[in-house]
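Whole structure, please, built from the sequences with the hints as guidance.
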Amino acid sequence: AQSVTQLGSHVSVSEGALVLLRCNYSSSVPPYLFWYVQYPNQGLQLLLKYTTGATLVKGINGFEAEFKKSETSFHLTKPSAHMSDAAEYFCAVATGGNNRLAFGKGNQVVVIP
Amino acid sequence: EPEVTQTPSHQVTQMGQEVILRCVPISNHLYFYWYRQILGQKVEFLVSFYNNEISEKSEIFDDQFSVERPDGSNFTLKIRSTKLEDSAMYFCASSDGLDEQFFGPGTRLTVL
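Residue numbers (our numbering), protein chains in the order written: chain A, 1 to 113; chain B, 1 to 112.
Just so you know, these hints were derived from the structure itself, not from any lab.
Here are the simulated BS3-like cross-link-like pairs (lysine-lysine), alpha carbons at most 30 Å apart as the crow flies:
no. : chain 1 : residue 1 : chain 2 : residue 2
1   : A       : Lys-49    : A       : Lys-105
2   : A       : Lys-105   : B       : Lys-42
3   : A       : Lys-105   : B       : Lys-78
4   : B       : Lys-57    : A       : Lys-105
5   : B       : Lys-83    : B       : Lys-57
6   : B       : Lys-42    : A       : Lys-68
7   : A       : Lys-58    : A       : Lys-69
Please read these numbers as outputs of a predicted model, since none were measured by experiment.
Okay, here's the thing in structure tokens:
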């Protein structure tokens, strides 16, 4: 079964510093990979996705992620953190013909002024 | 911009009671999903629905759960006899069948 591992439930980053959130997946078939963000009291919003093609994908709010098949990874980065980036971030892999999503446990990002 | 909506935002119920959580998916979408997130745990898949029938369900989705699309716009999740462990945030999502699922804001269910 497909699965996702996100380490470190809480991540603190200084404003202006690099944001790096790690995601490793397990999949028996070529995966579709996603990063979602959840702001307080809101639903899950898609940041970016990888399906096929270019392995470096760019998303909203300056985030990007790189699919590395050899490392089974899809890490999320942003060069310079902003206070508005404080939120919970979920990595997910699509599984099965109905594209059911398997999520990681999430990273709560805190941005320190 | 079209969005998925869910009602109510918070539902409190007594153990053993039935609850119905409601979702209005994006209008031209054909695939519908329910997920849940128990506090402090992963978001978990419950069920997917297409062409007026369940297309896939997880082991969590037992006989206490049912889904319905009663009127062509709403998509509901019913829990027949709630248990304490059903307390969670329930998310509805919809898709046009490509790759992205669009999520609603969630319903927080509290079972006392």
